[in-house]
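Novice: Chain by chain, the residues run as shown.
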Amino acid sequence: NAGVTQTPKFQVLKTGQSMTLQCAQDMNHNSMYWYRQDPGMGLRLIYYSASEGTTDKGEVPNGYNVSRLNKREFSLRLESAAPSQTSVYFCASSGSILFAGELFFGEGSRLTVL
Amino acid sequence: AQSVTQLDSQVPVFEEAPVELRCNYSSSVSVYLFWYVQYPNQGLQLLLKYLSGSTLVESINGFEAEFNKSQTSFHLRKPSVHISDTAEYFCAVSDRSGATNKLIFGTGTLLAVQP
Chain A
1157 NAGVTQTPKF
1167 QVLKTGQSMT
1177 LQCAQDMNHN
1187 SMYWYRQDPG
1197 MGLRLIYYSA
1207 SEGTTDKGEV
1217 PNGYNVSRLN
1227 KREFSLRLES
1237 AAPSQTSVYF
1247 CASSGSILFA
1257 GELFFGEGSR
1267 LTVL
Chain B
1155 AQSVTQLDSQ
1165 VPVFEEAPVE
1175 LRCNYSSSVS
1185 VYLFWYVQYP
1195 NQGLQLLLKY
1205 LSGSTLVESI
1215 NGFEAEFNKS
1225 QTSFHLRKPS
1235 VHISDTAEYF
1245 CAVSDRSGAT
1255 NKLIFGTGTL
1265 LAVQP
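These protein sequence lines map, in sequence, to chains A and B. Convert by adding 1156 to the 1-based position in the first sequence; the result is the number in my numbering. Convert by adding 1154 to the 1-based position in the second sequence; the result is the number in my numbering.
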């Protein structure tokens, strides 16, 4: 019953450091997403992967890179962290990009960049 | 592009009182609409969805939402709230433009139920 698992749950970085957020799902879903959540701004899509082997930019991709390692795993990388990237990051998955309505979310990764 | 407006950032209400959380969307094409709920320190969970058919949809815990095409609204209601309903609620629309579909979220409404 794991669903969508994100690691780490908490991370503090200094400006300029790099890190990777990991996400894995065990529901055999084709599509995976990375969102960031900021107060008063709701959730904004960073990148998504419609299927294994493909990735596309969302609303706010600048400063991030992603890798769809296999069908289960979708990682988000910050190459040079900035304070503006302080946020809560959510990974999500769905059965099909053609019907992206029901997303299954992880518990989030809280990132602070000093 | 699609957009979603949640007019109220916070709605305080007393236990057992009715509540309505407002959601309006902008679209010139047919849409799928959703309400998600986020309990403290958790990810989002799907609460209910409108895809087609009956304009009134219900969740298992007493919430309901009505799709109103003429007013481009999808307001969430509950006739009697509980303390356990305290959470943040997000309205979302499926962006069906282009080759793929993505969810566009509103900014959220914090429902604060007081005893």
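Honestly, I wouldn't trust all of these hints.
As the list claims (entries may be wrong) - Below 25 Å or equal to it, Euclidean Cα-Cα: the simulated SDA-like pairs (lysine to any residue) are:
#, chain 1, residue 1, chain 2, residue 2
1, A, 1165, B, 1203
2, B, 1203, A, 1215
3, A, 1213, B, 1179
4, B, 1203, A, 1170
5, A, 1213, B, 1194
6, A, 1170, B, 1195
7, B, 1203, A, 1231
No wet-lab data here; the hints were simulated from the structure. In this text, all values refer to a predicted model and were calculated from it rather than measured experimentally.
Novice: Against each hint, give a clear statement of whether it holds in the structure.
Specialist: The hints, checked one at a time:
{"no.": "1", "hint": "A:1165 / B:1203", "in the structure": "violated (29 Å)"}
{"no.": "2", "hint": "B:1203 / A:1215", "in the structure": "holds (23 Å)"}
{"no.": "3", "hint": "A:1213 / B:1179", "in the structure": "holds (23 Å)"}
{"no.": "4", "hint": "B:1203 / A:1170", "in the structure": "violated (41 Å)"}
{"no.": "5", "hint": "A:1213 / B:1194", "in the structure": "violated (29 Å)"}
{"no.": "6", "hint": "A:1170 / B:1195", "in the structure": "holds (24 Å)"}
{"no.": "7", "hint": "B:1203 / A:1231", "in the structure": "violated (28 Å)"}
Hint compliance for this structure: hints 1, 4, 5 and 7 are broken, all remaining hints hold.
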